[in-house]
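Protein chains in written order, with the working numbering: chain A, 496 to 874; chain B, 1015 to 1164.
Hints in this document: simulated from the structure, not taken from any laboratory. Since this is a predicted model, take the numbers as computed values, not measurements. Glycine residues also receive a C-beta, built at the ideal position from the N, C-alpha and C atoms. Treat the hints loosely; a few may be bogus.
[Unchecked claim] Label pairs and their in silico Cβ distance ranges:
{"id": "1", "chain 1": "B", "residue 1": "A1030", "chain 2": "A", "residue 2": "I520", "range": "44 to 50 Å"}
{"id": "2", "chain 1": "B", "residue 1": "P1123", "chain 2": "A", "residue 2": "Q744", "range": "31 to 37 Å"}
{"id": "3", "chain 1": "B", "residue 1": "H1135", "chain 2": "A", "residue 2": "S518", "range": "46 to 52 Å"}
{"id": "4", "chain 1": "A", "residue 1": "N708", "chain 2": "B", "residue 2": "N1102", "range": "49 to 55 Å"}
{"id": "5", "chain 1": "B", "residue 1": "H1135", "chain 2": "A", "residue 2": "C866", "range": "40 to 46 Å"}
{"id": "6", "chain 1": "B", "residue 1": "H1135", "chain 2": "A", "residue 2": "Q744", "range": "29 to 35 Å"}
{"id": "7", "chain 1": "B", "residue 1": "A1042", "chain 2": "A", "residue 2": "Q596", "range": "47 to 53 Å"}
{"id": "8", "chain 1": "B", "residue 1": "L1040", "chain 2": "A", "residue 2": "C866", "range": "37 to 43 Å"}
{"id": "9", "chain 1": "A", "residue 1": "L823", "chain 2": "B", "residue 2": "R1124", "range": "24 to 30 Å"}
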Amino acid sequence: MATLVLDNGAYTAKIGYSQEKVSVIPNCQFRSKTSRLKTFTANQLDEIKDPSGLFYILPFQKFYIQHHVDFADTSIIITEPYFNFTSIQESMNEILFEEYQFQSALRINAGSLSAHHYFHTKPSELCCLVVDSGFSFTHIAPYCRSKKMKDGIRRINVGGKLLTNHLKEIISYRQLHVMDETHVINQVKEDVCYVSQQFYKDMEIAQMKGEENTVMRDYVLPDFSAIKKGFCKPREEMVFTGKYKTGEQILRLANERFAVPEMLFHPSDIGIQEMGIPETIVHSIQSMPEEMQPHFYQNIVLTGGNTLFPGFRERLEAELRSLAPAHLPVSVLLPANPISYSWEGGKLLAYNPDYDEMVVTREEYEENGHCISEEKFDI
Amino acid sequence: ICEPGPAGQRRVLDEATRQRRLSRQLEALEKDNFQDDPLSSLPPPGPAARLPAFSESEEPEKKRRKTRGDHFKQRFRKNFTTLLEEENLSEKVEPNYLSAVAPPSSLPPRHFCCVCGFPSHYTCTTCGGRYCSSRCLCTHRETRCLKWTL
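Modelling step: build the complete structure from the supplied sequences, incorporating the hints.
Structure representation (structure tokens):
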């Protein structure tokens, strides 16, 4: 029986069979204004997986058309956010069992899959702390012996969406109106933004004029005819005084490059009254029993798209080092692919000997209804 | 060089209004850009649209798929805030969605100029926006200060 692993994220869905490789598809529906052609038939999710059944149907439709899935013979592992609402969980059960008629299903937190992956690669460790910084928010979740510690889970309401929206606002105010160009500015954010190691020093450098300003970069915007995709101009080609001779649209970014990702470390920069990632990690670990705390500090795993900012891991480690007790070693792991890390965990879980006990089969659901999944899944 | 103007003529927003404006701005940052596709009610493009459907079996199947999708869309029209209220989390046992939120930071917030983004040391007396230099204050006064009503 094949097992399908679906890491259902608000920005991308990571999907694939447990024997094969993962595909990362954008979880939203694009329509071009001129041609009414569907480019990707996957559907956009709301902040916390709005229970619109429609949003779930289409990614499955197109994907399954390509892969010829035999539902009745397939088991599915699908991820949900921590503390997902009961109504959404119930709708999910209905969709999986009644709509698609999967043979069995396992609904689980993405962080649990990441923890499983981590413990698989480091069998000697007892505890780990999963930092999942994604599109909608950032979760910090401690795990001990593969069980999540619910009391220690923390959520920061800052995610990639907030960073992109903020970048759109400041560019629209300072340079060029881009409030409708979410996709383009998202690309700008991924290409050009980085996490600074010395915030105030970088601010000073960004204020300098001309060539001394090593932080400033020019970004060429796509015009969809000659330039299909935006790119950052290399420093050799930059013109510091005067205008560019070519007709391209340029964004000049200096302090935005590192001020935007800074919001992950200091949400109070724009007025969100929450702790940043380093402080939240310390807060979460301090709520755990004292004998476990050193183990958590040594096994911090970073997952999610926001961790791909250059300098993220180093900055986080430095901030944690200054906040954590001096006698405890601190170790932060950034895996080779933070985006598919939890999907890979799902793949490993499918081969786990206990897997068959963790799932809810369609027969069990039809007999017992939602309560069986409430008991088994503990989301 | 623009002149800030006599202070007595400008009205000053109180703290509550400033808080409301800030909340409004933060909410705007959370929006999803999700729009119902305005063209979804139109027939699909391509050869299927031009040729009338001849076979009887094809049409009802297409209709069925469309209604199934629509049915779900109608049923789950509720947005996030409605769902949150329905969950009635204040009565639920901790930890839950609301209790898992990170607490406020123990470090003081840093302020940045609302015009240029560099660290700011001064506050606009009318609306509370931060600025770093008199030039930024002029830009702020001309473009943004009290430019939209709450």
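Against the structure, the hints come out as follows:
In this structure the supplied range 44 to 50 Å holds for A1030/B paired with I520/A, their Cβ-Cβ distance being about 46 Å. A hinted range of 31 to 37 Å for the beta carbons of P1123/B and Q744/A is consistent with their spacing of about 34 Å. Take H1135/B and S518/A: their Cβ atoms lie about 50 Å apart, and the range 46 to 52 Å holds. Distance hint check: the CB atoms of N708/A and N1102/B are about 53 Å apart, consistent with the given range 49 to 55 Å.
Taken as a hint, the range 40 to 46 Å is violated for the pair H1135/B and C866/A, whose Cβ atoms sit roughly 59 Å apart. At roughly 34 Å, the beta-carbon separation of H1135/B and Q744/A lies within the given 29 to 35 Å, and the hint holds. Against the hinted window of 47 to 53 Å, the Cβ-Cβ separation of A1042/B and Q596/A comes to about 42 Å, which falls outside the hint. The beta-carbon spacing between L1040/B and C866/A, approximately 38 Å, falls within the hinted interval of 37 to 43 Å.
For L823/A paired with R1124/B, a C-beta distance near 28 Å keeps the hint of 24 to 30 Å intact.
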